[in-house]
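> Residue-level listing of the chains:
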Amino acid sequence: MKKFVSLLLALMMALCAVGALADVAADIEAGQALSHDELVEKAKAESGTFVVYGNTSRISTAAEEFAALYDITVESNNLKDQEIYTKLRSENGNSAADMVMIQDGAQLTDAIDEGLVLNFVPAAVADVLDEADQQPALVHQYINKLFIYNNLGDNVPAIKNVWELTAPEMKGNVIFKNPESEKVNMNFLVMCTKDEWADKLAAAYEEWKGEAIDLGEYKNAGYKWVAEFLANVTFGKSDTSIAEEVSQETAVGKIGLFVLSKLRSSSVLTDNLTVAQYDASAEGYEVKPFAGFMYPMYTMINTQATRPYTGMLFIEYLMTQEGFQPWGKSIGAYSPNAAITVNEGDLTIDVWKDTLVMEDAEYILDSFEVEDFILQHCQN
Amino acid sequence: MPEIILKNVSKRFGKFVAVESLNLEIESNAFITLLGPSGCGKTTTLRMIAGLETPTEGVITIDGKTVFDADKGINLPPIKRDVGFLFQNYALWPHMTVYQNIAFGLENLKWDKARIRARVTELLEMLRIEPFEKRYPSELSGGQQQRVAIARTLAPGPKVLFMDEPLSNLDAKLRMEMRTELKRLHRDTDSTFVYVTHDQLEAMTLSTRVCIMENGLLQQYAPPLEMYNNPANVFVADFMGNPTINFVEGHIGEGGQLSFGGMKAKFESIAGEVPKNKDVKVGIRPEYIHIDEEGVLEATVYSTLPSGMETTVKLDVQGTPLTAVVFGDVDYPVDSKVRFSFHKAAVLFDKETGKNIAKGKILL
Amino acid sequence: MDQAQTRNFQASRLKGRLQAWFSKPANIILLVFLISLAVLTLYPLLSMLTETVTIHTGREARAAKLTAGSLSLYHFERLFATAENDYSWIQFYQPFLNTLIVSVAASVIAILFGGVVAFLVTRTNLKYKKFVSAVFTFPYIMPSWTLALFWETFFKNVNIGLKTSNGIMASVFGVYMPEWFVYGAFPIALVLGLHYAPFAYILIGGILRNMDANLEEAATILKTSRARIIWKITLPIVKPAMLSTFLLVFASSMSAYSVPVFLGSPVRYYVLSTKMKSLMDSYPGQAYIIVGVMILFGVAILLLNQKVTNSRKQFTTVTGKSGQISKINLGKANRPLAIILVVILLLVAVVPLITFALESVIIKAGDYSLSNMTLDFWIGTNLSERLDQGDSTGILLNPKVWNALGYSLGLAITCALIAGTCGILVGYGVAKRRGSKLASWVNSLSFFPYLMPSLAFGAIYLAMSSRIPWLRGFLLLGLVGSVKYLPFASRSGVNAMLQLSGEIEEAAVITGVPWWKRMIRVIFPIQKSSFLSGYLLPMVSCMRELSLFVLLVPTSNTILTTMLMQYSEKGWAQFGNAINLLIIIVVLLINFIVNKLTGASIDKGVGG
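Protein chains in written order, with the numbering used here: chain A, 1 to 380; chain B, 381 to 744; chain C, 745 to 1352.
So that you can see chain A by itself, here it is in the shape it has in the complex:
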């Protein structure tokens, strides 16, 4: 008898779970059509803790503001991308997130295909954003990593051309986070080998050396640049610590490739740092062929969410000017919504899109061989 009852219960729970699955997708469709107030109502009607995973520390601030506004507690957790993807795959049950803020479009594509996450575009921004910034996933912000150097002493590495970083004298002076542990960095390097950028790199090489590039064994200029760049790089622990380290008075002659918004930290001696592209723009040129790279951070709803409507409400909030503030008040965060302006002194997103390497999810998805190549050059 006991066995039978427990079996029955298990069956019922399974059915509920399946039911719940189907529900979230339906909820999202429904949510797309709701008005703001209706959405708020539905969100408040939900029960349980609202959990968010985000690859950003400022999400806790946004969560606080959101909670103050709508009286809904948000449990925000700052995790790395890979951890979020892993948890999305392995967790089920009520400890899982309702909503995630995540990077790496390539992996996200797979995750969407697998049915791990669902996309929700708030009505308010559906008309304002570019199609590319909405589908297949909603972009909350763009983040850029730039060449930023220490401006003290002689031998300031004020580069005009990325090939300068491959010169023998630059060995040990370039600091970058290990692509093996930072997927967006890996993606950037991969993108360098795409024909579009490889050609630009070949042209930049000619400008720098004054002669055509000799590829030798490399498949294209991108491969060559990546290999020689990595040979000169020392890997740092995290973008924050790299920013701090490069800004030290003793770090004369060093240049790093890291997240621009890290300059907001009080532990970074910003006076000692110069952003290569800022310098260049002021003097009227660009760092050839790119000044760094840029990638989006997306917001998605977990297919297993227990509070999908709250998730939708939160996304809607995040896409507003107010919701964007925790990131927007510092440099280095760019909203796809043109209405939300950038920080003073910063360049606009359009400028960046021209001068930075952007992710191409499709190219990255099947770039395993390139990754192996990069891995090889990450090891001496």
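These aren't lab readings, by the way, just hints derived from the structure by calculation. We put the CB at the ideal spot given by N, CA and C, even for glycine. Hints may be right or wrong, so weigh each one.
Claimed, not checked - A short list of chain B residues far from chain C (calculated; beta carbon distances all over 10 Å):
#1 Ala430
#2 Gly444
#3 Ala498
Unchecked claim - Calculated pairs, DMTMM-like style, for lysine to aspartate or glutamate (alpha carbon to alpha carbon, straight line, at most 20 Å):
#4 B/Lys661 - B/Glu732
#5 B/Lys724 - B/Glu594
#6 C/Lys809 - A/Asp154
#7 A/Lys209 - A/Glu249
#8 C/Lys809 - A/Glu164
#9 C/Lys1051 - B/Glu487
#10 B/Lys395 - B/Glu594
#11 C/Lys976 - B/Glu594
#12 A/Lys219 - C/Asp830
#13 C/Lys1144 - A/Glu169
#14 C/Lys1272 - C/Glu1249
#15 C/Lys809 - A/Asp113
#16 A/Lys171 - C/Glu923
#17 C/Lys907 - A/Glu114
#18 A/Lys219 - C/Glu1249
#19 C/Lys809 - A/Glu64
#20 C/Lys809 - A/Glu362
#21 C/Lys1176 - C/Asp1120
#22 B/Lys735 - B/Glu519
#23 C/Lys907 - A/Asp366
#24 B/Lys658 - B/Glu629
#25 C/Lys1144 - A/Glu75
#26 A/Lys200 - A/Asp354
#27 C/Lys1144 - A/Glu228
#28 C/Lys1021 - A/Glu228
#29 A/Lys171 - A/Asp113
#30 B/Lys445 - B/Glu433
#31 C/Lys809 - A/Asp372
#32 C/Lys976 - B/Glu487
#33 C/Lys809 - A/Glu169
#34 C/Lys1021 - A/Glu249
#35 C/Lys1071 - B/Glu433
#36 C/Lys907 - A/Glu249
Based on these hints, arrange chains B and C on the given structure of chain A.
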């Protein structure tokens, strides 16, 4: 073979006095036993002579050579004292075979392989342990380990051999066997043996002289039979002999009248002056209490322990207990009445100091 | 007798024997543990093996061009046999070699340092023995990355690594250490060796302490020089302890994660555990293969240990009269030697703490002037206005931190209780039935979890938990922690029980006392301090454990150590250092309190 001389040797551990002003002379080729209860200082003394323990005071000489002098700051390490030491728990090295254990000391003397082999074989034969040559100690019985330990100690042919209760870990039968072996070995090896034990029977049967100690102090140093017959004090008298000596408190008046334990007698001295008007303790060996129908005094049998060869009879003499020993397979029913008298000699001890005052006959 | 009668007879005989067998609590315990340990160690192993031949969703399926969920040897091919771009060499063979080098070196260092100090403390008249004994277990109590962090912070300079800043050695003393000293194989091995030296100290010291004094005296009498005694008598007898230590430290070093990450990554020196972690995220199949390799090593070590302890040269180290071993007089060398030792220990145990305290109160890195100091990171509020990164309150005011502390404590106590109690039970069973096959299996099985690298162990349980939906959160963590630290508890339990003579319990049996009462009223009180040490060690280990839990911690409730790691990775140095200091203080406090109250100590927990 050397003399060993101890002069005023003391050992203190903090406030605790283990050995107090010990004076001892051990002749060559002697078999000396250090005897006494636990904690009396006998092992400490042994270790001091061997060099494993450093005395607090005193002088020790072996074969005329001063090996220790507290005042002069001389303290030769055991390596230089040319002695052998047999430990109570054998201390065989568990990771070496029997052969390697025995050979170890010889390797230290830098003997060549052939000579070592010859000597080890000699010892294996002497102690009848040839079959175990390649075994490890954990694969041997207690008795076999004992022999290996002896072989190891004898291998370098030391002039003095120290033994710290070597037989106490063996069962009774084996112990008997080994005692005979040890006595034999003493003769064969022509060395001086210094032996520690708490078993008075071992001391009696094995030694040429016994040194009995209590609480760090020397009580008596004499050949076993003399110690048996002329104990220096109550402690020695009580310690030697099995069953133990009978003590009866009494008083001796003028002219040798002795009243003790409800009995009255006259004490006639054989040795020592008869005291006058003194409280005494009378010491009577059990075998000197004869039970037969011509006995003068009467007693009730309290209990008997017949062992086949002899019977120990505990008597009740109007409230005073006396233990007697009767040779042969006799037995007495409990509570029966018997007659007895005192034969041979008894010893008088001063009741206060416990010292031996006089030895004599008890005439009833 | 006819057929039926014979059968009945045999059946009732069997029944009788079974009843008799089951009436002994020791047998029941052993059977229960045999089954549960088999399940708890073998089932996860099987899960893991399955993972190595399964194609996972996401990048793996794409890379292999196979459907997710299908079975294939793809991962093996990839990890072991891919020559293009030196993939296999970079991802497996080189880290494998590095791991071996570092682990062997660490073991040797641990044995040398711990063994020599143990010898000095037990066999000579070294000065300051009390201080040395007290402080020597510190390196183990502190998380292993503590020393690594300190090493880098102290020795870094502008000539090596990132070449951007100077540590204390360079800026205060003007000494610029070379790169091989600060990063790479050397410091990794050194830091790990120092971290595990306490094992050697406890195990080797234990034997030296309990060794029969007579064994060495017998050699002395036979005119053996001091050096020869050490070489031919003391060392061979201590060898089993040395071997045990070597194996323990080797297994621990193999699975060390945070130390190689700190000290190896800046110079691209990788070991198996770092590769495993990075592969786990994107290519779990290959990661699990690495786990399998580490476990194979663990098994090999276990078997080796078995073989050695069952040799003919049975060593009985429990003595009769433990006489006073004459201590070697160090003479003139005593004071300098003692001082050197004290300085080393201070550097290893105390200075790191001071460094963390310092680092947790400075605003801009490298500036140690008072004007640059603040207690904000400890007790400040509204920090987000001033700092623009990190938490908005100092750690002592941050509810998240207190939450984490409470969670960590709760977890540590739970694991300690479970592991400790099971350890006692296992100890009872194994000691009572010693010599039997059942006892030997349970003994080995209960030690096995220790040999599995923590990171791997956690990964396996993660894999398992995805199949078993109710195995989540605290339950999962508690289970993993208990099983992982059971080895310590069972070792101390077995040792404690072996020291008890059987008669003690038999006296209670005769008077009809039931088993559970015997355990509680007779056995436990007598060996209280040994048993309690079996609780203490898991608790301390749990409090400072990272790699075991890092994959399993639910995001809603984090433990202190994962919080610390997050902060470190984000570069929030001050918060990180403050939390680090907090963890260490809590652990030291627990150790101290339990030690004072009950006499339990880490020494007894390791089996010394």
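> Indicate, hint by hint, whether the structure satisfies it.
These are the hints, each one checked on the structure:
1. Consistency note on B/Ala430: stated as away from chain C, yet its beta-carbon is not over 10 Å from all of that chain's, at 7 Å minimum.
2. The claim that B/Gly444 lies off the interface holds: its Cβ sits roughly 21 Å from the closest Cβ of chain C, which is beyond the 10 Å cut-off.
3. Distance check on B/Ala498: its Cβ is at least 18 Å (rounded) from any Cβ of chain C, clearing the 10 Å threshold; non-interface status holds.
4. A threshold of 20 Å between alpha carbons decides the hint, and for B/Lys661 with B/Glu732 the separation of about 9 Å falls inside it, so the pair holds.
5. For the hint linking B/Lys724 to B/Glu594, the alpha-carbon distance of about 29 Å lies beyond 20 Å, and the restraint is violated.
6. Of the supplied pair hints, the one linking C/Lys809 and A/Asp154 is violated, its CA atoms being roughly 52 Å apart against a limit of 20 Å.
7. As the CA atoms of A/Lys209 and A/Glu249 are separated by approximately 32 Å, the hinted pair breaks the 20 Å bound.
8. Of the supplied pair hints, the one linking C/Lys809 and A/Glu164 is violated, its CA atoms being roughly 39 Å apart against a limit of 20 Å.
9. Between the alpha carbons of C/Lys1051 and B/Glu487 the distance comes to roughly 31 Å, so the proposed pair goes past 20 Å and is violated.
10. Simply put, B/Lys395 and B/Glu594 have alpha-carbon atoms about 17 Å apart, close enough for the 20 Å limit, and the pair holds.
11. A C-alpha spacing of about 39 Å is found between C/Lys976 and B/Glu594, which places the hinted pair above 20 Å, so the restraint is violated.
12. At roughly 17 Å between alpha-carbon atoms, A/Lys219 and C/Asp830 fall within 20 Å of each other, so this suggested pair holds.
13. Pair hint C/Lys1144 plus A/Glu169 does not hold up; C-alpha atoms about 47 Å apart against a cutoff of 20 Å.
14. For the proposed pair C/Lys1272 and C/Glu1249, the alpha carbon gap of about 15 Å is at most 20 Å, so the pair holds.
15. Taking the CA atoms of C/Lys809 and A/Asp113, the gap is about 16 Å. The hint holds against a cut of 20 Å.
16. With a C-alpha separation of about 15 Å, the suggested pairing of A/Lys171 with C/Glu923 holds against the 20 Å cut-off.
17. Of the pairs offered as hints, the one joining C/Lys907 and A/Glu114 is violated, with about 44 Å between alpha carbons and a cut-off of 20 Å exceeded.
18. Between the alpha carbons of A/Lys219 and C/Glu1249 the distance comes to roughly 78 Å, so the proposed pair goes past 20 Å and is violated.
19. Between C/Lys809 and A/Glu64, the direct Cα distance comes to roughly 44 Å. Violation of the 20 Å bound is thereby established for this hinted pair.
20. Between C/Lys809 and A/Glu362, the direct Cα distance comes to roughly 15 Å. Compliance with the 20 Å bound is thereby established for this hinted pair.
21. Of the pairs offered as hints, the one joining C/Lys1176 and C/Asp1120 is violated, with about 57 Å between alpha carbons and a cut-off of 20 Å exceeded.
22. Annotation: proposed proximity of B/Lys735 to B/Glu519 is violated, straight-line Cα distance about 51 Å (limit 20 Å).
23. Our distance criterion of 20 Å between C-alpha atoms is broken by C/Lys907 and A/Asp366, whose separation comes to about 36 Å.
24. Annotation: proposed proximity of B/Lys658 to B/Glu629 holds, straight-line Cα distance about 11 Å (limit 20 Å).
25. A C-alpha spacing of about 11 Å is found between C/Lys1144 and A/Glu75, which places the hinted pair at or below 20 Å, so the restraint holds.
26. Between the alpha carbons of A/Lys200 and A/Asp354 the distance comes to roughly 12 Å, so the proposed pair stays at or under 20 Å and holds.
27. Taking the CA atoms of C/Lys1144 and A/Glu228, the gap is near 44 Å; set against the 20 Å cutoff, the hint is violated.
28. For the hint linking C/Lys1021 to A/Glu228, the alpha-carbon distance of about 27 Å lies beyond 20 Å, and the restraint is violated.
29. Annotation: proposed proximity of A/Lys171 to A/Asp113 is violated, straight-line Cα distance about 42 Å (limit 20 Å).
30. At roughly 18 Å between alpha-carbon atoms, B/Lys445 and B/Glu433 fall within 20 Å of each other, so this suggested pair holds.
31. Distance check on the hinted pair: C/Lys809 and A/Asp372 sit about 16 Å apart at the alpha-carbon level, within 20 Å; holds.
32. A hinted pair counts as satisfied when its Cα atoms are at most 20 Å apart, and C/Lys976 with B/Glu487 qualifies at roughly 12 Å.
33. Between C/Lys809 and A/Glu169 the alpha-carbon distance is near 42 Å, which puts this suggested pair outside the 20 Å criterion.
34. The straight-line distance between the Cα atoms of C/Lys1021 and A/Glu249 is roughly 34 Å, outside the 20 Å bound, and the hint therefore fails.
35. A hinted pair counts as satisfied when its Cα atoms are at most 20 Å apart, and C/Lys1071 with B/Glu433 qualifies at roughly 11 Å.
36. Our distance criterion of 20 Å between C-alpha atoms is met by C/Lys907 and A/Glu249, whose separation comes to about 11 Å.
Of the numbered hints given earlier, the model fails hints 1, 5, 6, 7, 8, 9, 11, 13, 17, 18, 19, 21, 22, 23, 27, 28, 29, 33 and 34; all others are met.
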